[in-house]
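With chain A fixed as given, assemble chain B onto it according to the hints.
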Amino acid sequence: MSQYILIQSKSAWASGGVADFYAMAHQLAAAGHEVTLFLVQNGVLSARAGARDLHLSEIAGPRLRVLADDFSLRERAIDAERLAPGIAAAAIGVVVDLLAAGARSIWN
Amino acid sequence: MAKITLGIMDPPYESANTTTAFRLIDCALRKGHEVFVFCYEGATALGYSGQKKHANAVHGSSLEEEDHPNPKEWIAALFRLAGQRGVKLTWCNCGLCVDERGVENQVEGACRGSPVSAWNNFEDASGALLIGTN
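Listed in order, the protein sequences are those of chains A and B.
Here the first sequence stands for residues 1 to 108, numbered as in the numbering used here.
Here the second sequence stands for residues 1001 to 1134, numbered as in the numbering used here.
Just so you know, the hints here were simulated from the structure itself, not pulled from any lab data.
Quantities reported herein were computed from a predicted structural model and do not represent experimental measurements.
It is possible that some hints are incorrect.
Listed below are the simulated DSSO-like cross-link pairs for lysine-lysine, each with C-alpha atoms no more than 30 Å apart in a straight line [unchecked claim]:
#	chain 1	residue 1	chain 2	residue 2
1	B	LYS1088	B	LYS1031
2	B	LYS1003	B	LYS1088
3	A	LYS10	B	LYS1003
4	B	LYS1031	B	LYS1003
5	A	LYS10	B	LYS1031
6	B	LYS1052	B	LYS1088
So that you can see chain A by itself, here it is in the shape it has in the complex (with noise of 0.2 Å):
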């Protein structure tokens, strides 16, 4: 099995290909591998906790790790504490450690 580095930095209301990356990062974990989705730049606006979008809760799980970069969201007055369950603030630096691990990497 590997391990993917799935980062998303549009905001699922500006294409609809958020979904289909969303769904993508849902595959492959449910195939058996170890997944990240790191949301960036606009695609923070998700993680938001009563942001209406494509049950990005939902997915998480204990193969598919949702994130939010912490800078996107200080630059978007997003409160850390206050984001969707399942999803958590992390640091740029674990993308960063998930390539120098050779993780796969796709951006979106």
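Relative to the frame of chain A, chain B by itself:
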């Protein structure tokens, strides 16, 4: 320590992707990793040495007050950081893309390559990320 290869394509002043790319490079260098950056298409203008700061008449600020940031200075800062940390940073521009845009005068340390350089460095990196344009 690992080697991380990053491919970037966005031109300066246009996308938050550039900020994120610079943050990733900075973080990787601080963690002691070797970093290879391949600039393709518009990203080759990031290191163009002809970039100039400007005043902002709308804000009513002078050149000094505006302190407009230019990416060539960020690249220079990354080279300084790499030097301080004793890690290798390669900033490689696609030569054809440079010629198309007339941005051959680059910040000190940037080099010229081709998609072959990108291929080789994506292949032998511990991890690689391509940040494409949207």
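Results for each hint:
1. A C-alpha spacing of about 12 Å is found between B:LYS1088 and B:LYS1031, which places the hinted pair at or below 30 Å, so the restraint holds.
2. With a C-alpha separation of about 9 Å, the suggested pair B:LYS1003 and B:LYS1088 falls inside the 30 Å cut-off, and the hint holds.
3. Proximity of A:LYS10 to B:LYS1003 is assessed by CA-CA distance (about 27 Å); at most 30 Å being required, the pair is judged to hold.
4. Of the pairs offered as hints, the one joining B:LYS1031 and B:LYS1003 holds, with about 11 Å between alpha carbons and a cut-off of 30 Å not exceeded.
5. Restraint check for A:LYS10 and B:LYS1031: the C-alpha separation of about 27 Å stays at or below 30 Å, so the hint holds.
6. Taken as a hint, the B:LYS1052 and B:LYS1088 pair is honoured in the structure, with Cα atoms around 28 Å apart against an allowance of 30 Å.
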